[in-house]
Amino acid sequence: MFANLRFGRMVRNLLLGLWLPVVLFVIWWFTSKDSKTIFFPPLHTILTRFHQLWIFENTKSQMVPSLEHLLWGLLIAGVGGILLGVILWSLPAVNATIAPLYNFFRALPAPALIPGFIAILGIGAKMEIAVIATGCIWPVLHSTVDGLSGADRLLQETSQVYQLSRPRMIYSVMLRSASPQIAAGLRSALQSGIILMVVSEMLGATSGIGYFILNAQQQYSTADMWSGMIALGIVGTLLNLIFLAVERQALKWFYGARAAERTA
Amino acid sequence: MSPKVLLVAVRGVVVIVAALALWQVLYATKVLDHDSFPSATQALRALGTAVGTSDFWTEVTTTLKAWALGLLIGTVIGITIGCLTGLNEIAYRSLNLLVEFLKTVPVVAALPLAILMFGTTLKMNIVLVAFCITWPVLIQAAYGVRSIEPVVRDTATVFRMRPLDRLFHVVLPSAAPYIATGMRLASTGALVLVVAAQLIGGGGGLGYAISVAQNQNLLPKMYGLVLVVGILGVLVTFGFGRLERLTLHWHESQRAKVV
Numbered sequence: 001m002f003a004n005l006r007f008g009r010m011v012r013n014l015l016l017g018l019w020l021p022v023v024l025f026v027i028w029w030f031t032s033k034d035s036k037t038i039f040f041p042p043l044h045t046i047l048t049r050f051h052q053l054w055i056f057e058n059t060k061s062q063m064v065p066s067l068e069h070l071l072w073g074l075l076i077a078g079v080g081g082i083l084l085g086v087i088l089w090s091l092p093a094v095n096a097t098i099a100p101l102y103n104f105f106r107a108l109p110a111p112a113l114i115p116g117f118i119a120i121l122g123i124g125a126k127m128e129i130a131v132i133a134t135g136c137i138w139p140v141l142h143s144t145v146d147g148l149s150g151a152d153r154l155l156q157e158t159s160q161v162y163q164l165s166r167p168r169m170i171y172s173v174m175l176r177s178a179s180p181q182i183a184a185g186l187r188s189a190l191q192s193g194i195i196l197m198v199v200s201e202m203l204g205a206t207s208g209i210g211y212f213i214l215n216a217q218q219q220y221s222t223a224d225m226w227s228g229m230i231a232l233g234i235v236g237t238l239l240n241l242i243f244l245a246v247e248r249q250a251l252k253w254f255y256g257a258r259a260a261e262r263t264a
Numbered sequence: 265m266s267p268k269v270l271l272v273a274v275r276g277v278v279v280i281v282a283a284l285a286l287w288q289v290l291y292a293t294k295v296l297d298h299d300s301f302p303s304a305t306q307a308l309r310a311l312g313t314a315v316g317t318s319d320f321w322t323e324v325t326t327t328l329k330a331w332a333l334g335l336l337i338g339t340v341i342g343i344t345i346g347c348l349t350g351l352n353e354i355a356y357r358s359l360n361l362l363v364e365f366l367k368t369v370p371v372v373a374a375l376p377l378a379i380l381m382f383g384t385t386l387k388m389n390i391v392l393v394a395f396c397i398t399w400p401v402l403i404q405a406a407y408g409v410r411s412i413e414p415v416v417r418d419t420a421t422v423f424r425m426r427p428l429d430r431l432f433h434v435v436l437p438s439a440a441p442y443i444a445t446g447m448r449l450a451s452t453g454a455l456v457l458v459v460a461a462q463l464i465g466g467g468g469g470l471g472y473a474i475s476v477a478q479n480q481n482l483l484p485k486m487y488g489l490v491l492v493v494g495i496l497g498v499l500v501t502f503g504f505g506r507l508e509r510l511t512l513h514w515h516e517s518q519r520a521k522v523v
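Keeping their order, the protein sequence lines are chains V and B.
Sequence positions in the first sequence follow the numbering used here and run 1 to 264.
Sequence positions in the second sequence follow the numbering used here and run 265 to 523.
The shape of chain V in the complex, shown without the other chains:
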């Protein structure tokens, strides 16, 4: 009976969530049907182009390479950020001294660095990966240091009593307890990574999704441009959802503990 009630509510919420997008889609479809303006080609033209381009030819040739660069950049930023974070946390004096410096880089809008990277590395994959790695390392570093410093003092003292070696303590106790915060840092790294991927391809690349969209716009192929925007929107949303799913799974213990704390 209760299960039924909950199921009914779920269906109702889903329907409530979906009617507006459907209505907007229908409005877009019919208002753009005979559209002659260059900005808003008919929706069915956009969808036809989307089908022709992105299922799956351009997905293979433009989207996958872009995502590979994103992945490499994020991997470097993630591993580098966590390692640097651990080092800075174990050296509080150094951390306090160079904090203004890394706060500066954390606050610096990373796209501003792209022309410099183009001057150093030229255009192409290497530049793109370097830009993503440099732009995304700061949130990871910051959240690692923050998470480690915020960890319960008792944890550290307990591991000392159990005579855990220092690497063992950092890996199995401290990093684990900081992981919810590190995950938050990684999530914001993912979001800026997507932006940097697109912007660096718009400024210095001859392929990739960012290049494709800007190039289509410059050639006034607006239906192609719209199809690329839709493809990027879908991929961006999927990446976020995948990240959230992995995070939920990996941090199950944390959400469980927090829920238990709340009801207690």
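It should be emphasised that the hints constitute simulated quantities derived from the structure, not laboratory data.
In this text, a Cβ means the ideal position worked out from N, Cα and C, and glycines have one as well.
Some hints here could point you the wrong way.
Some chain V residues flagged as far from chain B (calculated, every beta-carbon gap over 10 Å) [stated by the list, open to error]: (1) R6; (2) W29; (3) F56; (4) S159; (5) R168; (6) L175; (7) S192.
Under the rule of at most 20 Å between Cα atoms (straight-line distance), these lysine to aspartate or glutamate pairs were calculated in the DMTMM-like manner [what the hints assert, rightly or not]: (8) K367/B with E261/V; (9) K126/V with D297/B; (10) K329/B with D319/B; (11) K126/V with D319/B; (12) K126/V with E68/V.
Please build the complex by placing chain B on the supplied structure of chain V, with the hints as guidance.
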């Protein structure tokens, strides 16, 4: 100024000077390629020359104007729709899925469309920023309104407060800290977007100036301008937190920090 603050400030200055000195040494020892990197003194000198020109200040104000106006427009739209949907369960459920989706769409994807529609103008920058700000503020505002204490809400009903009084004395103050959080998180992203839009699409501003300096191969000036963009970033990132504490000092979420 307390001694502790002074110590932090002195240490900050020392580190910045040390970093610039390191940059200079790396240049002098040719670790940094001279074709793609200026020295610290060259960059600072170029920046010093630029600061004396009115062009530079126009660029700074253009960037700030695009950011601030976009932030203002996006916030007003976000608060209005967010409060309305927060007050009504059906409206909230209807909009929730759509807004959550729009929030994750990378706004830079819409940059070429914005350039096409508005040209390489300030307006293009403002529209993009407003679009990027609206969704997080809307979500936070709706969330804030929904989390008003039932007792507060019922009290307002018992006192038969008029709708406008209720809005300004109950709904908005309760949602304010949530809205502030949404604005703070979105404001740094908005600056990133402004710089990216100006780099790619022009429309004046520091981003545009950086790409011009790059095209004219004026590397020292380019790096000098990047430093200025970084300073703006620092002001936005840390200024917002400070502002939040100043304006919302009465709220318990802020009071907790003081203790």
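Here's how the hints hold up against the structure:
1. Every CB of chain B lies more than 10 Å from the CB of R6/V, the least distance being 15 Å, so the non-interface label holds.
2. No Cβ of chain B approaches the Cβ of W29/V within 10 Å, the least distance being about 16 Å, so the stated non-interface status holds.
3. Remark: the non-interface label on F56/V is consistent with the geometry, its nearest Cβ contact in chain B lying 19 Å away (cut-off 10 Å).
4. Every CB of chain B lies more than 10 Å from the CB of S159/V, the least distance being 29 Å, so the non-interface label holds.
5. The non-interface label for R168/V is consistent with chain B: the shortest C-beta to C-beta separation is roughly 33 Å, beyond 10 Å.
6. For L175/V, the condition that its CB be more than 10 Å from all CB atoms of chain B holds, with the nearest at approximately 25 Å.
7. Some Cβ of chain B comes within 10 Å of the Cβ of S192/V; the nearest lies about 7 Å off, and the non-interface call is violated.
8. A threshold of 20 Å between alpha carbons decides the hint, and for K367/B with E261/V the separation of about 30 Å lies outside it, so the pair is violated.
9. Restraint check: the Cα-Cα separation between K126/V and D297/B comes to about 17 Å, which is no more than 20 Å; the hinted pair holds.
10. Taken as a hint, the K329/B and D319/B pair is honoured in the structure, with Cα atoms around 15 Å apart against an allowance of 20 Å.
11. With a C-alpha separation of about 34 Å, the suggested pairing of K126/V with D319/B is violated against the 20 Å cut-off.
12. The suggested pairing of K126/V with E68/V holds, with an alpha-carbon distance near 12 Å, which does not exceed 20 Å.
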